[in-house]
Structure formats: C-alpha cells, structure tokens
Amino acid sequence: MSSLTNAVSALWLAAVLALISVFGGAAVSPVRAAAHTGPQILDQQEVPVLQESLGEDYVPTVLITGSNRGIGLEFARQYLERGWSVIATARRPDAAEALNALAEKYPDRLAIEQLDVTDHARVDALAAKYADRPIDVLLNNAGIGGGSQNQVFAQKMDYAVFEEVLRVNAVAPLKITEAFWKQVAASRDKKIITVSSSQGSIERATRPSLYFYRSSKAALNMVMRNLAELLKRREIIVGLVNPGPTDTDFMAGLPKSMLRPTPDAVADMLRNIDGLTLETTGSFLQYDGSIIPW
Amino acid sequence: MSSTIDADRRALLAALAGLTASWGTIRPAGAEDIEAVTAPAQPRTTVLITGSNRGLGLEFARQYAARDWRIIATCRRPESADQLNELASGNPDMFVEALDVTDHEAVDRLAARYRQVPIDVLVNNAGIGGGMENQLFGRLQYEVFSTVMAVNAVGPIKMAEAFIEHVKASGLKKIMTVSSSQGSIAQVNMPMLYWYRSSKSAVNMLMANLALQLKRRGVTVGLVTPGATATDFIAEEFRKRIPNIRQPDQATADMIRNIDRFTLETTGQFFNYDGSVLPW
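Same order as they appear, the protein sequences are chains A and B.
The opening position of the first sequence corresponds to residue 1 in the working numbering, with each subsequent residue numbered one higher.
The opening position of the second sequence corresponds to residue 1001 in the working numbering, with each subsequent residue numbered one higher.
Quick caveat, the hints were computed from the structure, so don't treat them as lab data.
Ideal Cβ positions, reconstructed from N, Cα and C, are used throughout, including at glycine.
Some hints could be false.
[Unchecked claim] Here are the simulated BS3-like cross-link-like pairs (lysine-lysine), alpha carbons at most 30 Å apart as the crow flies:
#1 A:Lys129 to A:Lys156
#2 A:Lys156 to B:Lys1240
#3 A:Lys182 to A:Lys256
#4 A:Lys232 to A:Lys156
#5 A:Lys156 to B:Lys1168
#6 A:Lys129 to A:Lys256
[Claimed, not checked] Computed from the model, here is a short list of chain B residues facing chain A with C-beta under 8 Å:
#7 Gly1138
#8 Lys1158
#9 Lys1168
#10 Leu1172
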C-alpha cells in the first residue's frame, strides 16, 4: 500500500479531469497520463445498440437478484403483471418453488437464472449470456441481515459474518452494476435500483443494534451515490429504495402487527422506481416517497 | 541479591502499586498467561494510538507526549519505525507496540497485556486508502475492498471491543476514530474511491451505533477528520497539486482540539477539522 492517494487529492484530480473533458481534453497530457479515473474508463466504453424498437411493442426487461422469495419474488410477480420480461435470479433455483410456479404461468416472459451474487465469475458469465439484451431496470434486491445475535458489541461480534454481509449487501450491487451497466445503458428506462434500508441511515440511528447490517447499508449507500454521479453522463438513473419493515422471512420473529404486507411494500417501491429521473438520481427513497437522510 | 528475587520483588511492588492506585485489574480477556504491563503508581492520562509510525499517527504520539500523557503507540513494524522509536527513547511513559489492526488475535493479546492500564483515549488512527487505481469503475479490484474494510471499518470496532474495559476504567473515557470527509455520503460530488469512501461510511455507522450503546456507560465516541494533509497517505506527486494542503502538525492539533471538545452530549458526532459538524 505504498502509493496511497488521499481522497482529497483525488477529488482535485477528478475536478481537473472534469475540466479536461469539458474543454475537449486537448492538452494537459501529464495529468491525463498520471490518472485513471472512473469517468475516463467509462467514456472509453461503447454502448452497443441493442434496442430494435422503442415502439408500442417494446417489452421492457427487469433483472432481479434474490428473487426466490419475499420481496424479490413479489417484484417478479408485479413486473410480470405489468407485462414486463423478467430475469429472476436465485442461489438455488431448484428450491425456488414459488418462482418456478410463476414461470409456468409466464413461460415466455420469465427466465430463471442461478446466481449467488458473491460469485463474481458467475455474475460475469450471466452478463455475457445477456450481452445482447437491454435491461431497463437492474434491481439489486438480494440482501442478508447477518443475524442480530452475531453483531452484539462486546458480547458477540462475529467478524466473518460482517465480511459476508458486506459482500452480499454492499459489494455485490456494485459488481453487478459493473457487469451489466452497458445493457442498462442500451435500454429504454436505464435504471439501476438497489433495495437499501432505513437501517442504513446514520442520521436516523437512535438505538444501537445490527452493527454489521447497518454498516453494510451505509457502505452501499455511499457506493450508489458515487455510481449515480458517474452514470449520470450515460443517462443511467441510480436509486436506493426502502421497503420498510415487511412481512417476509427476512423479518421473521417480529410481530406481524409491526410489518407491512409484501405486496404493499413492493408496490410502493415500484412507484418510487417509476418516479425516479435523472434529476433525482442517487436518491434514497422511503416507501412513502420521502427522502431518507444519509 | 539474585536477579530472580529482584525481578519477583519488582513484580510484587508493581502489582501493589497498581492496587493502591485502585485501578484494579481490567478483564483478563482469557489470556492469563500473557504477562501484564503493570501500571506505574502515579496515575497518568493514557492514550493508545494505532498506526503511529508516521504521518498523523506519529504526530498524535508527539503532541500527546508533549502534554506529558502516557502513550501506547502501535504500528505494524516497530523495528522500522525510526521516528517513533526516536520519540520513545528516553521517555519511560511511551510504549511502542507491534500491532496490525486486522490481526484480531494480536489485538486481543495487546488488550490482555495492558489489562491493568486504564486508557483514557483510544485513537483509531490506522487507515489505508487502497490505491486510487484499484477502485476505478470498470477495473474494480474487489480483493482490495476486503483489506480496506478490514483496516478502516473493522479495525476500529474490533479495537473498541478489545479495549472497552480499559476505556471504561479511565478518567476521560473516549473512543475516537480518524474518519474522512470523503466518508460523507451527502458531500459526494465526483465519483471515485469506492472502497475508501464506503469504508469510511461504514465506520461512521459503526461508531454512531457505538456512541448510542456506550453513552449510558459514560464513554464518549467520536469521529474526527484531518482534512487533506501532506503525509505519505497522499502520493508525493499529488501533494504538490493540492492547494492549501495542511501540514501534519496542524491537522493533528486540530483533531486533538476536537477530541478534547467531545463530551457525552456530542458523542457520536462527525467533526471536521475546523470544528464544524460534517453531514453523514
């Protein structure tokens, strides 16, 4: 870790690079040679023309991770009801009974794919398989809580669990974005959406709990805010949505009276996803449409 | 008098001194076989600083030493920490210890060694940037993310966990972490440094949680930032290009002032070097 560059120097550099791109990048070659920034790499990339038609017969596609149950399954159901094409991923499709039942109902519009989001080689393989498919909404839904009993300060902090929680909740959405952004850029709606949580709001932390889960969501929010700025120039909209406490396996153990029905939670998130524009890219949206503070 | 008896007597005296100072023994941490560093009879304000071999960490050691505090200065390789060793030489109240904050067993061992020493201020200073070239969208190096997280986010919470009893047994009772304004999600404007930034957001959340948890135990938890500072953390060719880059002594003096300022009322806040509160 010798040539560590501090954030602020990078900020300065990024500003310079932004100026270079604004002024056509004619000169200032030393700086350009010295720095490799995200924007620069992104700008070198060609987006293939994948849409055959944007007419009335255009069928938009959503790719949903963690689609075997809970919120992910309900996302698949509601997008299918809207007439969309759905690529639904799950770690173990064989065991995803409800999803398979849905595939029988919509054999032409639902494709089920095996995917563990922490398996980057598999993410790349899936992106290659769908290289020619515009993806209107890339929906990072897969997430884990890590178990509240594994993240109790000074009692039991299982740091291996923390690593796993970070890999699934914070790293995977970024990896999937990196693998699929071109397909998103080639689509009509151009949206990359991640299911976050109000538990990821540092501002709203009022009681100490779920150290790992919360921290992973704060990290995720940071990653997505960066991506929103980066992908804006490719007209890709990035958003974070929060389902609120929902009656799924994820919240097992909580009294039902505290939980919202899954169809309502998903309908709310869909409305928020629909409403996101390039002007509001990077927002962290509560299920009622309000903005959650970081 | 044989040297064995001499050693025994010294140990006994030291143990008695520790008891008479009524500090008692801080949790054995399941490592009774590790020899404890005994607390000298005269109570002293003590600070433990991670990553103390250079840059801000070295400057923390220097400035706290100038206040006559007891310093436990850790770094990965004390044998090559020339400046720190020079600072410590002739100062019986500065202890240089080898510690890689990602080695949790080593953290626990160090906590056991110092089980008789209350720590007034734990300064989680050790941090890495991860290299800008490893965190460019399109070329993201994911294995680097694990290391950056292990040092910048997991390291501080593990340190806090291992040393919580030492801090609780002290007078000032502060756990402070050097964060960065780059960890402010609200202030993101240019996309970059995915790993570094998200590790700082992650540690901010961990410390905000910890502040809530420890408030009723009288422990103050805080986040401070140095601003852009001319240390090895910023590659030399970049330093020249940063207007108004700050010097380590000034940056550290600012952080120490903010650490002094922290009270239970402001616990959990994210103080910029100028004393303003940074948004999350």
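Going down the list of hints, with the structure as the test:
no. : hint                  : verdict
1   : A:Lys129 to A:Lys156  : 42 Å, violated
2   : A:Lys156 to B:Lys1240 : 46 Å, violated
3   : A:Lys182 to A:Lys256  : 41 Å, violated
4   : A:Lys232 to A:Lys156  : 42 Å, violated
5   : A:Lys156 to B:Lys1168 : 19 Å, holds
6   : A:Lys129 to A:Lys256  : 41 Å, violated
7   : Gly1138               : 4 Å, holds
8   : Lys1158               : 7 Å, holds
9   : Lys1168               : 10 Å, violated
10  : Leu1172               : 19 Å, violated
In this structure, the hints that do not hold are numbers 1, 2, 3, 4, 6, 9 and 10, in rising order.
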